[in-house]
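S.K.: With the hints as extra help, turn the sequences into a complete structure.
The listed protein sequences derive, respectively, from chains Y and V.
Using my numbering, the first residue of the first sequence is number 3, and each one after it goes up by one.
Using my numbering, the first residue of the second sequence is number 4, and each one after it goes up by one.
By construction, these hints were calculated from the structure, which means they are not laboratory data.
Yeah, the Cβ is synthetic: ideal placement off N, Cα and C, and Gly gets one too.
Check the hints yourself; a few may be wrong.
Examples of chain V residues lying across from chain Y (beta carbon under 8 Å, computed) [said to hold, decoys possible]:
hint, residue
1, L60
2, G94
3, L95
4, L99
5, Y108
6, L111
7, R155
8, M202
Listed below are several chain V residues computed to face chain Y (Cβ distance under 8 Å; list not exhaustive) [to be verified]:
hint, residue
9, A58
10, L61
11, Q62
12, A76
13, I80
14, R83
15, R84
16, Y88
17, N92
18, Y96
19, R98
20, Y107
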Amino acid sequence: MSAVWTLARKEVRDNLRDRRSLFFALLYGPFLLPLMMLGPILYNIDRHTIDVEAPTQIAVEGGEHAPNLLQFLHQHNLDAVEAPTDYREQLMRGELPVVLVIAPAYAENVARGKPAPLIIYHASSEDESVSRRRQLRAVLEQYASQIRGLRFRSRGIDSRVFDPLAISERDQSDKPRGLLFIAYLVPFLLMFSMLMGGYYLAVDTTAGERERQSLEPLLSLPLPRYQIVLGKYCAILGFVGLAMLLPLISTFALFSLLPVDLLDLNLNFGLPTFAIAMISNISTAMLISAFMMAIAAFTRNSKEAQTHLSFAMLLPVVPFFALQFLSVPVGSFSMLVPLLSQFQIMETVVFGKDLPPHYLAVSAAGSIAAAALFLGLAVHLYHRERILA
Amino acid sequence: MIEATQLSKAFRKQGTRREWISAITDVSFQARDGEITGLLGSNGAGKSTVLRILASLLQPDSGHAVVDGYDVAEDPICVRRQIGYLAHNAGLYPRLTSRENLIYYAELCGMNSRDSERRAEELIELMGMQAFGDRRTEGFSQGQRTRVALARALIHNPRTLILDEPTNGLDVIATRGLRSLLRQLRDRGHCVLVSSHIMQEMERLSDRVAIISDGRIVASGSVADILDATACTDLEDAFVVAIGETVAAQA
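M.R.: Here is the structure:
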């Protein structure tokens with residue numbers, strides 16, 4: 003069996019000298035892909051979410067007409083500052099999110115019990131302006147309802163008679179529909195990275211070796227063919243394994259850099275989640291390596307292998323989309339399905355549900371069985387005389 | 004020692020299911036230890052198919068071949084331990100140096116790393132490869148590639164050598180070097196089987212020849228025997244006569 007080790011070592015060394023293999027295995031999947039996919043999403047979550055607890059300044063014109071309102075705003079973390087004179091231009095340029103204009107008639111109207119005019123200037127094309135307007139509006143509604151209550155009480159009426167219904171909502175779904183894709187993002191990234199990472203090695207060690215015509219002398223050596231297949235498989239597995247581990251680290255770092263507390267959204271992206279992602283995807287790495295090896299061994303040349311494997315790149319997309327649009331119940335049976343089970347495991351963990359330990363075992367068993375099947379197919383293909391032609 | 008007896012092999016015609024093309028039919032010949040045997044034939048005559056069967060890479064449809072006492076169909080691993088096989092193309096790993104190419108094969112043949120390195124060094128000296136021993140083989144000339152590939156075929160010190168057109172693309176000096184190397188190996192008792200379509204080459208090198216045409220052996224024996232049988236003065240004429248053409252028409 004030392005031949006297997008020799009073969010694997012040679013293939014790894016050979017491909018470490020190939021910049022393309024290296025780029026896709028160590029840079030593209032592990033770092034560029036997570037940045038490209040997660041970066042914009044995380045950035046957007048960050049931009050659309052504002053922290054209402056943090057005191058913010060708010061530009062106000064005519065603040066002297068409404069000292070009580072400003073006091074109320076201050077209690078709700080909005081500190082009034084004098085608005086600049088060219089605030090409309092600044093709003094248009096996106097330099098100011100919102101401006102509250104208090105009309106000179108405000109104080110008099112409040113005193114007489116008439117609607118007191120307030121104008122909120124905002125720019126709906128700017129993300130921050132949209133969220134600040136919503137925040138300011140909510141605080142003002144609260145202030146209005148407080149004044150309304152006081153006015154009714156002074157006339158001896160309970161203002162609640164004007165609220166005949168008390169409606170509140172309780173969402174019982176355990177996985178927020180729109181957030182499913184965030185849970186699936188990690189396994190999707192890992193699988194894609196693994197496919198990219200092993201891609202060139204799979205092509206190079208099988209179809210590439212045949213094209214260089216180095217396969218014929220290799221097969222004339224006193225080695226059983228299954229050892230040749232195993233050696234190449236181990237090399238591919240090494241690259242694929244690395245292409246799984248590295249993006250785990252980079253996505254973990256990306257998620258923990260995120261300023262928004264994801265726990266607020268009931269999402270678990272802590273170390274345990276990533277540890278389970280790693281454990282559940284070890285078998286995926288074995289499967290993906292065997293799958294790529296069999297496909298590449300089946301094809302006649304590198305070009306054909308590349309075409310076939312490009313279609314294989316779509317593989318992780320299938321469960322990624324299927325699970326978002328179809329409701330596949332999580333159970334021991336679905337755990338047997340390779341790729342699908344890894345997505346479901348992540349879903350369970352990310353949404354903070356308990357993961358029965360046997361799910362991990364069943365998922366691994368299903369994927370390893372599939373890997374063994376593909377590896378068997380590769381060995382069979384290497385026994386055919388056509389492998390030389 | 005190689006003994007081929009009535010080997011036949013057919014391949015499926017590309018793109019068809021039922022049509023078969025016969026590559027070789029009833030090929031029988033011997034290559035003895037301590038002799039250089041030339042397998043002569045024009046392009047597409049079936050030389051490579053015969054050599055691939057002897058190297059246990061292809062299974063014959065019928066007939067059998069024995070290399071150093073092992074049947075190629077029944078004991079392929081034992082056969083491969085006996086032979087050094089040089090394929091039609093060198094088939095080197097371009098991103099590895101000449102030395103790394105040699106050590107890789109040595110280790111695959113079961114040598115430990117110290118023995119592998121020593122054997123590689125020996126062969127680099129024997130083949131005069133010092134100048135490019137530690138260069139990656141990408142961009143090597145045909146002669147350099149053939150030398151590395153031949154050294155690689157010799158790596159486990161095989162008893163029997165099967166070389167598919169080893170002089171392909173070699174210049175005069177490299178060819179002379181190769182010839183003297185093969186003679187050395189013959190003198191040490193190795194069995195050397197060389198295929199070629201270059202008659203002058205074979206006439207100088209071979210002790211015995213087998214002429215293959217359209218997948219069949221049409222003549223075999225020592226060079227002198229074949230010249231006698233065909234009443235010719237050189238091997239090229241003898242070859243033309245043997246494959247059924249007339250010398251005058253071809254000349």
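S.K.: Would the hint on G94 (chain V) stand, with a C-beta cut-off of 8 Å toward chain Y?
M.R.: holds (4 Å)
S.K.: With 8 Å as the cut and Cβ atoms as the points, is Q62 (chain V) at the interface with chain Y?
M.R.: holds (7 Å)
S.K.: With chain Y as the partner, please determine if A76 (chain V) meets the hint condition of a C-beta pair closer than 8 Å.
M.R.: Hint violated; A76 (chain V) Cβ to chain Y Cβ min 12 Å, cut 8 Å.
S.K.: Is the interface hint for L111 (chain V) satisfied, with its Cβ closer than 8 Å to some Cβ of chain Y?
M.R.: Holds, about 5 Å.
S.K.: Using Cβ atoms only, decide whether L60 (chain V) comes closer than 8 Å to chain Y, and label the hint accordingly.
M.R.: holds (6 Å)
S.K.: Could you check if I80 (chain V) really has its C-beta closer than 8 Å to a C-beta on chain Y?
M.R.: holds (5 Å)
S.K.: Does the nearest C-beta of chain Y fall within a distance shorter than 8 Å of the C-beta of Y88 (chain V)?
M.R.: holds (4 Å)
S.K.: Under 8 Å is the threshold here; is the Cβ of R83 (chain V) close enough to any Cβ of chain Y for the hint to stand?
M.R.: Holds, because the Cβ-Cβ distance from R83 (chain V) to chain Y comes to roughly 4 Å (cut-off 8 Å).
S.K.: Grab the minimum C-beta distance from M202 (chain V) to chain Y and call the hint holds if it beats 8 Å, violated otherwise.
M.R.: violated (26 Å)
S.K.: Let me know if the C-beta of L61 (chain V) comes in closer than 8 Å to any C-beta of chain Y, holds or violated.
M.R.: OK, holds: L61 (chain V) within 8 Å of chain Y, min 5 Å.
S.K.: Per the CB criterion, is A58 (chain V) less than 8 Å away from chain Y?
M.R.: Holds, about 5 Å.
S.K.: Return the status of the interface hint for Y107 (chain V): holds when the least beta-carbon distance to chain Y is below 8 Å, violated otherwise.
M.R.: holds (5 Å)
Violated hints, in rising order: 8, 12; the structure is consistent with all others.
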